[in-house]
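Engineer: Counting with full-length UniProt numbering, you get residues 1 to 183 for the letters of the sequence shown.
Do not rely on the hints blindly, as some may be mistaken.
DEER-style ranges, computed between Cβ atoms [said to hold, decoys possible]:
| # | residue 1 | residue 2 | range |
| --- | --- | --- | --- |
| 1 | Y55 | L169 | 33 to 41 Å |
| 2 | T124 | N51 | 20 to 28 Å |
| 3 | P123 | H171 | 14 to 22 Å |
| 4 | T76 | D134 | 42 to 50 Å |
| 5 | Q58 | G152 | 19 to 27 Å |
| 6 | R172 | T56 | 39 to 47 Å |
| 7 | Q141 | Y55 | 14 to 22 Å |
FYI, nobody ran anything at the bench for these hints, they're computed from the structure. By construction, the Cβ of each residue, glycine as well, lies at the ideal position given by its N, Cα and C atoms.
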Amino acid sequence: MIKTPVDANTPWDDLVRDHFAQVYRIACGLTRNRHDACDLTQDVFVQVFRNLATYTPQNFDGWLYRITVNLFRSQTRRNRQLRLHQLGQDVVDERPSGQPGPDELLTDRIVDNDIRAALADLPTQYRVAVLLRDIDGLSNQEIATVLDIKRGTVGSRLHRGHARLRAALAHRAPTASHGGHHA
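Taking the hints into account, I'd like the entire structure generated from these sequences.
Structural biologist: Put into structure tokens, the structure is as follows:
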């Protein structure tokens, strides 16, 4: 899908339609709970609505990521008892009509429950870096900007996150006996 370029004159419906799934996807990765992800997504769009008039057209996706991550951090600090659950609970479908649901998009991009569970078990700092890199395709520099951390820290978090994922998914690795040729 081609996204509408964003500036202060962008129609609100176009902006939400074009960016809802990506915000929801990162919110799911942060909260590990569909209900909290819906709340966070709504809060992000409220913040975007309030600040769109002052947005300077540059990297809108990066701006959305920063808002999403910063709101999550802020909510977590305010409420240390924030429920962090795995991705798999029911959620009210609040998507724009005619659009695939965010969980459908997530399922398309993260193939199965094993991977989803392994991601959900990662510590938040590693999970966010892995999701931004592997699911949303951001570069290490873009992730550093979004998370307001050093580029080397991004590399470290990705390395550790990927190592934990490999360990969690080791049971799925092909064995040498299956790789041979039959005579």
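Engineer: Next, verify each hint and record whether it holds.
Structural biologist: Hints versus structure:
Look at Y55 against L169: about 39 Å separates their beta carbons, and that is inside 33 to 41 Å. Against the hinted window of 20 to 28 Å, the Cβ-Cβ separation of T124 and N51 comes to about 25 Å, which satisfies the hint. At roughly 21 Å, the beta carbons of P123 and H171 sit within the given window of 14 to 22 Å. For the hinted restraint 42 to 50 Å between T76 and D134, the CB-CB distance of approximately 23 Å leaves it violated.
The hinted range of 19 to 27 Å is satisfied by Q58 and G152, whose Cβ atoms lie roughly 24 Å apart. The supplied range of 39 to 47 Å is met by R172 and T56, whose beta-carbon atoms lie about 45 Å from each other. Checked against the hint of 14 to 22 Å, the pair Q141 and Y55 passes, with Cβ atoms roughly 21 Å apart.
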